[in-house]
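J.: Taken in sequence, the protein lines are chains X and L. If you're matching positions, the first sequence starts at 1 in UniProt numbering and goes up one per residue. If you're matching positions, the second sequence starts at 1 in UniProt numbering and goes up one per residue.
Just so you know, these hints were derived from the structure itself, not from any lab. Take the hints with a grain of salt, since some may be wrong.
Remember, identical chains collapse to one label, so a pair may be satisfied in a single copy or spanning two.
[Unchecked claim] Straight line, CA to CA, 25 Å or less: simulated DSS-like cross-link-like pairs of lysine-lysine:
id, residue 1, residue 2
1, Lys397, Lys124
2, Lys22, Lys60
3, Lys22, Lys263
4, Lys263, Lys13
5, Lys83, Lys406
6, Lys83, Lys22
7, Lys354, Lys263
8, Lys259, Lys171
9, Lys329, Lys124
10, Lys259, Lys7
11, Lys397, Lys60
12, Lys7, Lys171
13, Lys52, Lys171
14, Lys404, Lys259
15, Lys329, Lys52
16, Lys7, Lys263
17, Lys22, Lys259
2 protein chains.
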Amino acid sequence: MTEKFSKIALRMKSNVIRELLKVTSKPGMISFGGGVPDPDTFPRFEMAEISKEILENEYKLTLQYGSTEGDPILREEYISLLKRESGIEGIDVDNLLVTVGSQSALDLISKILLDEDSIYFVSKPVYLGAASAFSLRSDRHVYMSLREDGADIDEVEQNLQEIENRGELNKVKFIYTISNFHNPAGVTMSLEKRKRLVEIANKYDVLIVEDDPYGDLRYEGKPIDPIFKIGGQERVLLLKTFSKILSPGLRLGIVVGNKTIVKKMVTAKQATDLCTPSLTQRIAARYLQRYDLLSQIEPTIALYREKKDLMLAELERSFGSMEGFHWTKPEGGLFIWFTLPEGFDTAEMLERGKAANILFVPGEAFSLDNTCNNSMRLSFCLPPREDIIEGVRRLKKIVVEYGKEKNLL
Amino acid sequence: MTEKFSKIALRMKSNVIRELLKVTSKPGMISFGGGVPDPDTFPRFEMAEISKEILENEYKLTLQYGSTEGDPILREEYISLLKRESGIEGIDVDNLLVTVGSQSALDLISKILLDEDSIYFVSKPVYLGAASAFSLRSDRHVYMSLREDGADIDEVEQNLQEIENRGELNKVKFIYTISNFHNPAGVTMSLEKRKRLVEIANKYDVLIVEDDPYGDLRYEGKPIDPIFKIGGQERVLLLKTFSKILSPGLRLGIVVGNKTIVKKMVTAKQATDLCTPSLTQRIAARYLQRYDLLSQIEPTIALYREKKDLMLAELERSFGSMEGFHWTKPEGGLFIWFTLPEGFDTAEMLERGKAANILFVPGEAFSLDNTCNNSMRLSFCLPPREDIIEGVRRLKKIVVEYGKEKNLL
């Protein structure tokens with residue numbers, strides 16, 4: 001049958017992180033792998049109560065097909081959440097679309113914007129899920145190097161200028177960026193850079209896709225205005241999700257954008273999955289109506305902050321004095337990007353990690369050109385305190401063994 | 001922004017049925033439109049109980065990301081359901097994939113099999129959702145005419161032979177068919193034709209995609225072996241769904257096929273929506289473990305049978321003596337295909353229907369070449385008895401008025 005596969009099917013690569021999930025459950029395994037939140041932080045009793053209630057009393061909605069656009073109550077509630085949280089105003093329900101997680105939003109964006117010869121900008125390292133959704137339609141990506149304060153905007157401008165010079169500016173469809181606590185890099189784009197990015201996008205008439213799954217999980221420092229708020233709905237498409245704050249199991253993503261784009265995404269969604277499940281949408285809607293999500297996640301934030309600080313401290317203790325080892329210090333989110341000296345191959349090291357019961361995601365998984373080999377992504381949110389300590393200890397052991405064997409240390 | 005849209009985005013058409021849903025809620029409206037089951041038939045109290053329980057006790061699974069392949073318990077249970085129901089054997093969990101409704105399965109099939117120049121076979125009239133998913137990747141469809149006993153297999157063979165003669169057989173990816181109680185036509189493929197279709201597919205080495213959302217809703221006659229059972233997993237990909245028997249609001253589709261194809265669909269799904277919601281999958285899994293789905297749907301079958309017989313009787317009463325009016329007599333499912341004499345334009349008539357508070361789906365919506373204009377799809381499952389009677393009365397009034405005005409009667 002394989003000779004029947006489409007060209008894109010033949011070039012599809014299985015998602016390393018999804019594959020990692022399968023070995024995570026091995027007894028004794030400590031995983032810094034998946035970007036998996038801690039399910040103990042989710043309001044399960046409240047959701048259980050709501051779920052029972054809406055299945056019994058609102059079954060004509062919760063058990064039925066819903067509109068492709070999404071539950072109207074959920075969209076209304078989300079508008080008010082965006083206002084309270086980020087001061088975003090001037091949008092109504094037609095600016096919002098509810099998707100099956102943000103991954104589905106990325107798939108829809110890919111469908112409505114990309115042709116085979118379309119160009120798009122992504123960071124390096126890049127979020128795997130975005131890269132795979134986009135590359136299904138076009139592999140013409142342009143990299144943006146990541147710094148501690150976000151993408152290198154000078155480089156973005158230079159690249160756009162070059163593309164314009166060669167007469168291909170009309171092929172540039174969007175700049176994709178994770179504004180807060182980048183996955184996998186952990187870095188956040190500064191306010192100044194956000195403003196410059198919007199200016200450049202205006203100048204070259206390019207859409208910005210701002211993916212912000214982690215913005216609510218800020219552990220220190222002051223929140224920065226979303227690019228969407230700076231650039232407005234005509235310039236920026238904002239992707240949000242409930243996966244890190246209410247539950248990934250619900251699979252709920254929210255797209256906020258100008259009505260023409262949202263409407264086209266709705267049409268694409270009709271041919272993709274008809275509609276997001278009615279039940280999970282109404283659970284989230286009623287939850288937002290009854291509880292204050294932002295104060296509910298305060299204990300989660302405290303918990304993750306502590307784990308993040310612990311992992312940073314353990315990394316410092318284990319690798320602080322070793323030359324060429326460095327890591328990002330995120331102010332929120334789920335990830336630390338750990339870079340080793342040149343020559344270390346984290347993909348190869350993962351096999352040793354599996355044997356030693358410690359998982360991480362090799363940096364290569366976040367590149368489209370088999371680079372980032374000497375980095376790895378570490379997630380601190382799921383493992384308990386003692387596993388963070390023990391996990392970094394195991395990591396150190398592997399690093400030292402591998403480094404000595406390869407004459408890198 | 002519209003100049004940024006992809007070529008496929010520019011040719012996307014909004015789904016007429018989804019648009020119809022929006023006017024369905026108008027007071028006084030009777031809808032024969034959507035293929036929407038009656039939510040009163042679903043076991044809401046059982047599902048409410050299960051939902052509460054699994055959110056409280058199995059929250060580490062139900063609120064977390066799941067595997068892309070789907071809930072293992074749900075897949076195990078579904079294997080045993082397929083065996084009990086259709087005698088399908090010789091499959092294990094790796095032959096199954098859980099999708100966000102069957103629509104998502106169609107999207108994944110489109111992604112993994114179709115290139116821009118790929119050829120696929122669909123019926124005429126065609127199920128809208130399939131046509132729109134496939135046409136996102138290729139518009140090279142070949143029609144199969146529908147008869148009372150299913151697609152015209154001679155025509156299929158003749159077309160395959162012609163394609164082979166011109167050296168394009170390797171471009172033919174699949175034959176898509178709804179085996180039972182076709183949407184929109186209501187017809188069922190006979191056993192003889194199923195066997196011949198498999199023979200021909202074997203001869204020309206073409207995959208059959210058997211979509212069977214309605215097979216469990218048989219009101220009379222004897223069940224016919226699925227094409228999947230006749231042709232086997234190397235030849236046939238089977239799509240099933242919980243939407244008509246447990247609830248469309250859960251958005252659960254099941255793909256059954258050979259492991260190579262299922263695995264490739266899993267990879268495509270990773271880039272499409274990561275995984276189907278864990279909560280809705282576990283609700284269905286526990287339901288299948290605790291209750292006998294097939295006996296639970298018996299009252300539903302009785303209810304729908306009565307409504308179907310009533311609509312057929314009302315059609316006979318209103319149109320039986322009118323020349324050139326005919327309709328299919330389905331043995332199950334949700335739809336009757338009602339054909340009027342040449343010259344009637346059901347799309348134009350729909351506007352009158354909206355004004356007269358009666359909705360149906362114009363035949364044109366089920367064609368890829370703006371034909372089927374003198375047919376319409378009628379669904380009998382959702383409206384109460386009195387609305388079926390009154391609805392057909394309103395339909396008659398519109399038909400007579402339109403027919404006289406256009407000198408067709």
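J.: Take the hints in turn and mark each one as holding or not.
T.: Right, here's what the structure says about each hint:
1. Neither within a single protomer nor between protomers do Lys397 and Lys124 lie at most 25 Å apart by alpha-carbon distance, with minima of 28 Å and 65 Å respectively.
2. Taking the shortest alpha-carbon separations for Lys22 and Lys60, only the inter-copy value of 15 Å comes in at or below 25 Å, while the best intra-copy value is 37 Å.
3. In this assembly of identical chains, the alpha carbons of Lys22 and Lys263 lie at most 25 Å apart only when taken from different copies (15 Å versus 37 Å within one copy).
4. For the identical chains of this complex, Lys263 and Lys13 are inter-copy neighbours only, at 11 Å across copies versus 30 Å inside a copy, given an alpha-carbon limit of 25 Å.
5. In this assembly of identical chains, Lys83 and Lys406 lie within 25 Å of each other by CA distance neither inside one copy nor across copies; the values are 54 Å within and 55 Å between.
6. Taking CA atoms no more than 25 Å apart as the test, Lys83 paired with Lys22 passes in neither setting, with 39 Å inside one copy and 28 Å between copies.
7. Only between protomers do Lys354 and Lys263 lie at most 25 Å apart by alpha-carbon distance; the minimum there is 23 Å, versus 45 Å within a single protomer.
8. Proximity of Lys259 and Lys171 under a CA criterion of 25 Å is satisfied intra-copy only: 22 Å inside one chain copy versus 38 Å between copies.
9. Taking the shortest Cα distances, Lys329 and Lys124 sit within 25 Å of each other inside one copy (17 Å), while across copies they are farther apart (60 Å).
10. Only between protomers do Lys259 and Lys7 lie at most 25 Å apart by alpha-carbon distance; the minimum there is 19 Å, versus 33 Å within a single protomer.
11. In this homomeric assembly, Lys397 and Lys60 never come within 25 Å of each other (Cα to Cα): the closest approach is 57 Å inside a single copy and 31 Å across copies.
12. For the identical chains of this complex, Lys7 and Lys171 are neighbours both inside a copy (22 Å) and across copies (12 Å), given an alpha-carbon limit of 25 Å.
13. Within a single copy, Lys52 and Lys171 get their C-alpha atoms no closer than 49 Å, and across copies no closer than 50 Å, so neither meets the 25 Å cut-off.
14. Taking the shortest alpha-carbon separations for Lys404 and Lys259, neither the intra-copy value of 57 Å nor the inter-copy value of 42 Å comes in at or below 25 Å.
15. For a Cα distance limit of 25 Å, the shortest separation of Lys329 from Lys52 qualifies neither inside one copy, at 42 Å, nor across copies, at 39 Å.
16. With identical chains, the CA atoms of Lys7 and Lys263 are at most 25 Å apart between copies only, with a shortest distance of 16 Å across copies and 29 Å within one.
17. When the C-alpha separation of Lys22 and Lys259 is checked against a cutoff of 25 Å, the pair qualifies only between copies, where the shortest distance is 18 Å, while the shortest distance within a copy is 40 Å.
The structure does not agree with the numbered hints 1, 5, 6, 11, 13, 14, 15 stated previously, though it agrees with the rest.
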